Every structure is written in C-alpha cells, then in structure tokens.
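Number of protein chains: 2
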Amino acid sequence: MRIAAWLILTLSFGCGVTDESIREPAVAEGADVSWALAIHGGAGVIPRSMEPERAESYRLSLENALRLGSGMLDEGGRALDAVERVIRLMEDDPLFNAGRGAVFNHEAGHELDASIMDGRTLECGAVTGVTTVKNPIGLARRVMERTDHVLLSGAGAERFADEMGVDRVDPSYFSTERRRRQLESKQTESAATREHGTVGVVALDRHGDLAAGTSTGGLTDKLYGRVGDTPIVGAGTFADNASCAVSATGRGEEFIRHGVALTVCRIVQREGRTLEAAAREVIHEVLEPGDGGIIAVDAGGRLVLEFNTEGMYRGSADSSGRFDVEIWR
Amino acid sequence: MRIAAWLILTLSFGCGVTDESIREPAVAEGADVSWALAIHGGAGVIPRSMEPERAESYRLSLENALRLGSGMLDEGGRALDAVERVIRLMEDDPLFNAGRGAVFNHEAGHELDASIMDGRTLECGAVTGVTTVKNPIGLARRVMERTDHVLLSGAGAERFADEMGVDRVDPSYFSTERRRRQLESKQTESAATREHGTVGVVALDRHGDLAAGTSTGGLTDKLYGRVGDTPIVGAGTFADNASCAVSATGRGEEFIRHGVALTVCRIVQREGRTLEAAAREVIHEVLEPGDGGIIAVDAGGRLVLEFNTEGMYRGSADSSGRFDVEIWR
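Chains A and B, in that order, are what the protein sequence lines are.
Under my numbering, the first residue of the first sequence is numbered 1, with each subsequent residue one higher.
Under my numbering, the first residue of the second sequence is numbered 330, with each subsequent residue one higher.
Hints are computed from structural coordinates only; laboratory data are not their basis.
Here the structure is a predicted model, which means the values were calculated and not measured.
Just so you know, not all the hints are guaranteed correct.
Some chain A residues well away from chain B (every beta-carbon gap over 10 angstroms; in silico) [as the list claims (entries may be wrong)]:
1) Glu24
2) Val45
3) Pro52
4) Thr132
5) Leu152
Reference listing, derived: stretches of chain A covered by chain B, where coverage requires no fewer than 3 residues with Cβ under 8 angstroms from a Cβ of chain B [claimed, not checked]:
6) 119-130
7) 252-264
Every residue, glycine too, gets a C-beta built ideally from N, C-alpha and C.
Work the whole structure out from these sequences, hints included.
Rendered as structure tokens:
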C-alpha cells in the first residue's frame, strides 16, 4: 500500500511537464534537412587488422540500426522514440557492449548502465548497475516518465523494474563467449588497452525536437560497482532543443571530469559556435588522444561524429539521403 | 591475489597526475584575500518559526565548522584538506543530513552519497549508496586518490571501503530520533515539503588552489536506490582552478538536469563573467524558485552564497576577517 501511494504521488510529479517547460527548438539557420540521426557502437582501440567478416558484421548491425531509426524519423516519429528503439536493437545485438553483449565485471557478472534525455523538456532518466533488465534504456525511459527521479541504482533500480513490468532475463543471458574470453585476457592486460564499447543514439525529428541516449555494459573486469559516464546526464548524455543532443563513448572518468556532453551543448547554446567547432574543441583540446568520441546533432540537423581514438563504430543518416556507416577514420 | 594486483595497477594510474595536467589558477583581478571558505548545511523550507535554541544550535555548528576550515587555510593548509576535514566535522554532527544525521530512506535505512574535487588537477572522487561508512567524504577522497575511477556505488563502494580501512559503523549509528520522526511524518506528506539537507564546502587556499566537496544522506523516504546530485561531479560538485569551486544543495534532479555546478564554472571560465553574475543567472533564471542553492568561490577568493529557497544554512570566511554565519535571507 505504501509503495502504491508513493507511486501515485510520483507519477503526478514525474509527468508534470508544463507548457512553460517546453524548450523551443533553436533557430536552425542554413538547415536543409527535416530529420537527422547518428549512432555509435563504441570507440577505442579497434584493430584495422580485424577479420573482414567481423568488420562486415559490425557494418551490417550499424546499417540495420540506422535503417530502423531512419524509417521512424522519416515517418514523423519522435526523436525520443527513435533513440529508445534503436538503442534497444543495439542492446539486443551481441556485437555491442550493451544489453546482450555486455562485458563481464571482475566477479564475472554484468552490471549495465543507461540514460536517455528529451531535448524538448530536459526530462531525463538513467539507471546504473542493473543485472536482470534486458533493455536498460527502456528502464531509463521509465525512470524519466514514471518517477520524479533522474538516476536509480542497483537493487533499487531492480525493484523499480519489478514494478514497471519490463522484460527481465537471467543474468546468464548477458554471458557471451566472446566477452568471457575478453575477461580472461583483460585480467592479465594493462588498463590502457581496454576497449570502450557502449552504444548511443542522437536524433532530430520532423517536429524539431532533439533526443539522446546511451547504454553500456561498462568496463571489462571492473571492480567496486564503478559507475562510468553512460548513466550520468551531462557527462555521457545530454539533449536540449536550445542547443544539441550528444551521446559519448570512451574513458568514462574523463567524460565525467570534463562534463563532456553538457559542455558541448553549453558552447553551442551560449557562445553561438557551431556544433562542429564545439565538438572539435572538446574532443581534441579538452580531452586527451585515446579518450573516446561523441556523436551529436543540432536543431538544424547538422551531424557531428568526432573522436580521438583509432576508430569509432558509427553511422549517420538524414532526410537528404545521407546514409553512412564507418569504423575507422 | 587478483585484487592486490588490480589495486597496484590502479594506484599507478589513479595517482598519475603529470605536470601538464596541473590547472594554473585563473588571474585573480582585484583579489584582496589570500584564502576564502564557504560552507552550507542544506537549503529549503526552513521555518522562521524555528525555536531560537534550535537556530542557535545550527549557528554554533556552522561557526565551529567555519573556524576549523579557516584555521587550516590561514596556516597555509590545502583547500582539498580543508574541504575534507570540514565536511567530516559536519558529517559527525547530527544536525545535518550527512553522515551521523542522515535521513531515513523508505526502508528505514540510510544510503549516503558524497563527492570531492581538486580544482588544481580536476581529479575527483565520489561514492553513492554507502551504508556503513562513517565519513563518506573520506571514502570519496580515496576513490579520487587511490583508484582510476570517479564514482563507486553501493556494495562495490563498501568493498572498496573494506580495503581502504576507513572508519566503519553499524548502520544504526545513522539512526537518530529526529530523522525517524521526519520519516514518519514525510510518509504522510507531499514531496513538495521535503527538506533538502546536505552539507558542502568550497575553499581557496594560499597556494591559489580551489577545491569543493558535498555530502548527503539523501531524501527522506527515498525509494529505489535514487541517486541525487551530490555524488555527481558537474551537478552537485565541481572545482577547477581555471574558474571556481561550487557545492550545491537542493532538488537534486534539477541540479543534474541543468548541470548546475559545471554550468556556473563554465560561464566563469569561458564567458569572462563574474562568479556572482554566473551564480545569479543559474540559480534565478535556469532553476525554479524553491530548487535550492549553491556556495562558490573563485580564484580571487570572491565568495558567493546564492539560493532561491526560504533559507540556506551557510557560512563564509576569508583572510580579510570575514566570518559570517546565516540561515535566512
């Protein structure tokens, strides 16, 4: 009874978006597209010597994700829905370090993080350290829409998942052979060679609204309930119609320390600089080589995919017919 | 053995501050103090009808905390040490919602959060959801100095505390009668009347370095492992010698959504505006009335204590002889 009463109270607060809180899209000078989408599947040390079949698998997965989101946006779907749906697809794909393909932590288990943000209202939701939620991005969206909180963690987030009735899995669902081999090899390697997998999506829809989301299985061999930038609004994810939508991937601690996603948006919003200039400055002057990258889109549909690593699994599409998938520079 | 090897690896990374990563203090035009300090003990609905004895208790506690930090800074102590030590004192004081006086969560337990940041290096550390750590701010500092991570959560943070040998307490240590009565009354009240207790400290030392820290027992009656802004670097805490040091208190979700601490620092750093102007804009134009407040200090020792609530327990002192403690406007 007590929980039920709290939920009702929470629902009435969590959904209380007033007209005043709607963020008008920024004036889109020179815009020539009506929707735009970018996705990433992680950045880091991606060997160019990768087997061609393996690179082809990544390209196919990225194309499928891009196609799903493009179709939704082209038909007038909301940016927020495209972000959630495309991330769900990538979470279900064992290639990426998110959902099904999540890496192993030090105890050979899995702790997943995700966040999502609606640029129209600045509403946002995130979860960290969930272990049985099939699609963490979906739970993050429920935190956004069904509570007055932003971030839920661990056992508490699992209890919230119980009440929301989201799809659950046995933790073994996340235990893929490839990631187990990575755990075994990482436990003898230096931290410097860690792969920074994570998936993220940013979108501009035909209504002029922006959204961003990010999901990850974290760091291979991570200890101590380490939380990276993925569930941290302002670090790994940020979206504001008044500037842009950003999703990050890389050395999470650096993205938190420098507040990367928020900083890019604030430069665009407050300094009148282009998204490209803001992204380049933050990725190449604030961060260090090897730290990672971001994908971003502004209210005019300009897409930026900027990184300072060897590669970043990525894709971009817009209403002008752009449809690109790339791995290396 | 595995943990030991990981720790050694971590130590070598976590402490790897190079000369290049030292943040030079910003030019302090018009500065006329050699050190400065501000503290807060939470903002929110603080009834002016409070019993005089009770208000006097708060004033005495704030004065003691201010005196401790002032003494350290006056003798040439580091800002980072003053921030940690003063927050420890406030955590040990049952008056404040941090450490000993932490509020009860929905399950009548306690989950504590804290973060600390060194403006000289941008190194930072934070913990969320710890339950047996007497001084969460001390554990946050160890995350900063002894790991290559920024944020540790829940059971993982407790395991890290085991290895660091920090002071532990039985969870009942945090169960004070006053907070139990608050839990009982809050469970029948609306969320709008929640008190936003939290403690925070910002400091400039004689070496020109800035630091900030924040510690909290969270929201009374909180559910689901909710994480507020206190352990989120960029939201509740930020410090950068190139701009300022900020600690926040209030409705944590709003402080995350707007990246309050980082936004204030970026405005000062990138737009050449004064700390006072930046703080006023963020507290009164970005946030809504009732959301909370911040304390902040810049590289010139200018102190700002700005809030949009009825009151904020606060104190400020500097090398010119300033020594003020206030509760209401």
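Here's how the hints hold up against the structure:
no.: 1; hint: Glu24; in the structure: holds (15 angstroms)
no.: 2; hint: Val45; in the structure: holds (16 angstroms)
no.: 3; hint: Pro52; in the structure: holds (34 angstroms)
no.: 4; hint: Thr132; in the structure: holds (14 angstroms)
no.: 5; hint: Leu152; in the structure: violated (5 angstroms)
no.: 6; hint: 119-130; in the structure: holds (count 5)
no.: 7; hint: 252-264; in the structure: holds (count 8)
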